[in-house]
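So the sequences go chain by chain: A and B. Taking the working numbering, the leading residue of the first sequence gets 1, the next gets one more, and so forth. Taking the working numbering, the leading residue of the second sequence gets 1, the next gets one more, and so forth.
If you're looking for bench data, these hints aren't it; they were derived computationally from the structure. C-beta atoms are modelled at their ideal positions from N, C-alpha and C, and glycine is treated no differently. Be a bit skeptical, because a hint or two may be false.
Unchecked claim - Sample of chain A residues lacking proximity to chain B, with all beta carbon distances greater than 12 Å (derived):
1. Ala9
2. Leu19
3. Ser40
4. Glu79
5. Pro80
6. Gly106
7. Met139
8. Arg153
9. Ser187
10. Arg190
As the list claims (entries may be wrong) - In silico SDA-like links for lysine to any residue, alpha-carbon gap of 25 Å or less:
11. A:Lys2 x B:Asp89
12. A:Lys120 x B:Pro128
13. B:Lys2 x A:Ala90
14. B:Lys39 x A:Arg137
15. A:Lys2 x B:Ala87
16. A:Lys2 x B:Arg88
17. B:Lys120 x A:Ser115
18. B:Lys178 x A:Lys175
19. B:Lys2 x A:Gly157
20. B:Lys120 x A:Pro125
21. A:Lys39 x B:Ala150
22. B:Lys39 x A:Met139
23. A:Lys175 x A:Asp132
24. A:Lys2 x B:Thr85
25. B:Lys189 x B:Arg8
There are 2 protein chains.
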Amino acid sequence: MKLFDGGRAPNPRRVKVFLAEKGITVPIEQVDLGKLGHKSAAYTAINPLQRVPALELNDGTIITESIAICRYFERLHPEPQLFGTDARDAALVEMWERRIEFHLLGPVSHIFRNSHPAMKEMEVPQVPAWADANRPRVMEFLGLLDRELATRRYIAGERYTVADITGMIAVDFLKPAKLAVPEALGSLKRWHEDVSSRPSAKA
Amino acid sequence: MKLFDGGRAPNPRRVKVFLAEKGITVPIEQVDLGKLGHKSAAYTAINPLQRVPALELNDGTIITESIAICRYFERLHPEPQLFGTDARDAALVEMWERRIEFHLLGPVSHIFRNSHPAMKEMEVPQVPAWADANRPRVMEFLGLLDRELATRRYIAGERYTVADITGMIAVDFLKPAKLAVPEALGSLKRWHEDVSSRPSAKA
Numbered sequence: 001m002k003l004f005d006g007g008r009a010p011n012p013r014r015v016k017v018f019l020a021e022k023g024i025t026v027p028i029e030q031v032d033l034g035k036l037g038h039k040s041a042a043y044t045a046i047n048p049l050q051r052v053p054a055l056e057l058n059d060g061t062i063i064t065e066s067i068a069i070c071r072y073f074e075r076l077h078p079e080p081q082l083f084g085t086d087a088r089d090a091a092l093v094e095m096w097e098r099r100i101e102f103h104l105l106g107p108v109s110h111i112f113r114n115s116h117p118a119m120k121e122m123e124v125p126q127v128p129a130w131a132d133a134n135r136p137r138v139m140e141f142l143g144l145l146d147r148e149l150a151t152r153r154y155i156a157g158e159r160y161t162v163a164d165i166t167g168m169i170a171v172d173f174l175k176p177a178k179l180a181v182p183e184a185l186g187s188l189k190r191w192h193e194d195v196s197s198r199p200s201a202k203a
Numbered sequence: 001m002k003l004f005d006g007g008r009a010p011n012p013r014r015v016k017v018f019l020a021e022k023g024i025t026v027p028i029e030q031v032d033l034g035k036l037g038h039k040s041a042a043y044t045a046i047n048p049l050q051r052v053p054a055l056e057l058n059d060g061t062i063i064t065e066s067i068a069i070c071r072y073f074e075r076l077h078p079e080p081q082l083f084g085t086d087a088r089d090a091a092l093v094e095m096w097e098r099r100i101e102f103h104l105l106g107p108v109s110h111i112f113r114n115s116h117p118a119m120k121e122m123e124v125p126q127v128p129a130w131a132d133a134n135r136p137r138v139m140e141f142l143g144l145l146d147r148e149l150a151t152r153r154y155i156a157g158e159r160y161t162v163a164d165i166t167g168m169i170a171v172d173f174l175k176p177a178k179l180a181v182p183e184a185l186g187s188l189k190r191w192h193e194d195v196s197s198r199p200s201a202k203a
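Extracted from the complex, chain A is given alone in its bound form:
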């Protein structure tokens, strides 16, 4: 088994934090995104969509998509349960995981890719107006998340889950996208400090 990693990029980091929470070690092969290693012929043969991470199983099967890789490890190593417990709890974790992806990580990524000078050759064409359109949506969702986190410790309930991993990484991704959590959102800040203080956050 081998994990194709992409350093500090948000998606590979989701998988590494997840593995750290599970206490799982997997052999890693670095794909150098700065040198466009994910667009090489060798890596395109692994993932035709040219994205990291990817997991190669011992039988040669390739699993891409961060959450698909995380779910694979959840099945092999169920504890601690990071995708929820019973049907209701698992549905709430999946709901929050997806809300964070569609209303925070995704939009922040769009802002970064469509406005940051470093992304000019990666995102062709850059559409600055799309970055502009997403900024207020991100700020609105941060407000919603703050109100939710005023009522409980973690994003999907009283237990730490994969939704907290995606949420932490999405909030960390605000900085390269040149955004920040407003000071007034105290519950969101409290939660972000909490999850960032876990040893897994260094992964």
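Once you've looked at the hints, dock chain B against the given chain A.
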């Protein structure tokens, strides 16, 4: 239990096709998207993100996000298994489900929302350049999917799964986005006819 539905809109339809494949009937309450029913105060109290569908459980819990709702029913009614079987198969289903969402359903939705005159009051501001940027990406992904479907019957393997539901609805959504599957993509067309001929496709 009650499902807040939105008629023929793609996301509510994903859940209804899924339920039809499972043979599950759930009481339905229509939310009239044409009359902006999803933006009403009553519905905003159910889903602050103002999206359909939403599932209300008997204890009052609200589950939003189509796939979270589908996973909830998969746990209650495991057969037929639409999210895969063992760890490897489930990971491949999740991988394809997400590839279809991020590279087809999502981009087609962005094209529709940012270019269709009917969406002018729903998507503010419309960014036509973002629609333009996504058209070639959608066509490229359709080509990739066609090559994959030349090797097997369904998107994630030899069994029909939730990835086929999302895929069928994404392809159906090309039309309102003023796109079409090129004639040359024979395997994709064969698969689309196959999945569209299932009784569940009428849901």
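Does the claim that glutamate 79 (chain A) lies off the interface hold, with its Cβ farther than 12 Å from every Cβ of chain B? holds (15 Å)
Pair hint outcome, lysine 2 (chain A) versus threonine 85 (chain B) [Cα-Cα no greater than 25 Å]: Holds, at about 22 Å.
Given the proposed pairing of lysine 175 (chain A) with aspartate 132 (chain A), does the C-alpha separation stay at or below 25 Å? It holds: about 16 Å lies between the C-alpha atoms, which stays within 25 Å.
Could you grab the alpha-carbon distance between lysine 2 (chain B) and alanine 90 (chain A) and see if it respects the 25 Å cut-off? Since the Cα atoms of lysine 2 (chain B) and alanine 90 (chain A) sit roughly 19 Å apart, the hinted pair holds (cutoff 25 Å).
Below or equal to 25 Å on CA atoms is what counts here, so check lysine 39 (chain B) against methionine 139 (chain A). holds (19 Å)
Compare the distance between the alpha carbons of lysine 2 (chain A) and arginine 88 (chain B) with 25 Å, and conclude whether the hinted pair is satisfied. Holds, because 15 Å separates the two Cα atoms, which is no more than 25 Å.
Please check whether the beta-carbon of arginine 153 (chain A) is more than 12 Å away from every beta-carbon in chain B. Per Cβ check, arginine 153 (chain A) is outside 12 Å of chain B; nearest 18 Å; holds.
Would you check the hint for lysine 39 (chain B) and arginine 137 (chain A), treating anything up to 25 Å between C-alpha atoms as holding? holds (16 Å)
Given as non-interface: serine 40 (chain A), partner chain B, CB spacing beyond 12 Å: Given a closest Cβ separation of 18 Å, the condition holds.
Pair hint outcome, lysine 120 (chain B) versus serine 115 (chain A) [Cα-Cα no greater than 25 Å]: holds (24 Å)
Is lysine 2 (chain B) within 25 Å of glycine 157 (chain A), Cα to Cα? Cα-Cα ~23 Å, so holds.
Next pair to validate is lysine 2 (chain A) with aspartate 89 (chain B); report whether the Cα-Cα distance is within 25 Å. holds (18 Å)
When the structure is compared with the earlier hints, violations turn up for hints 6, 18 and for no others.
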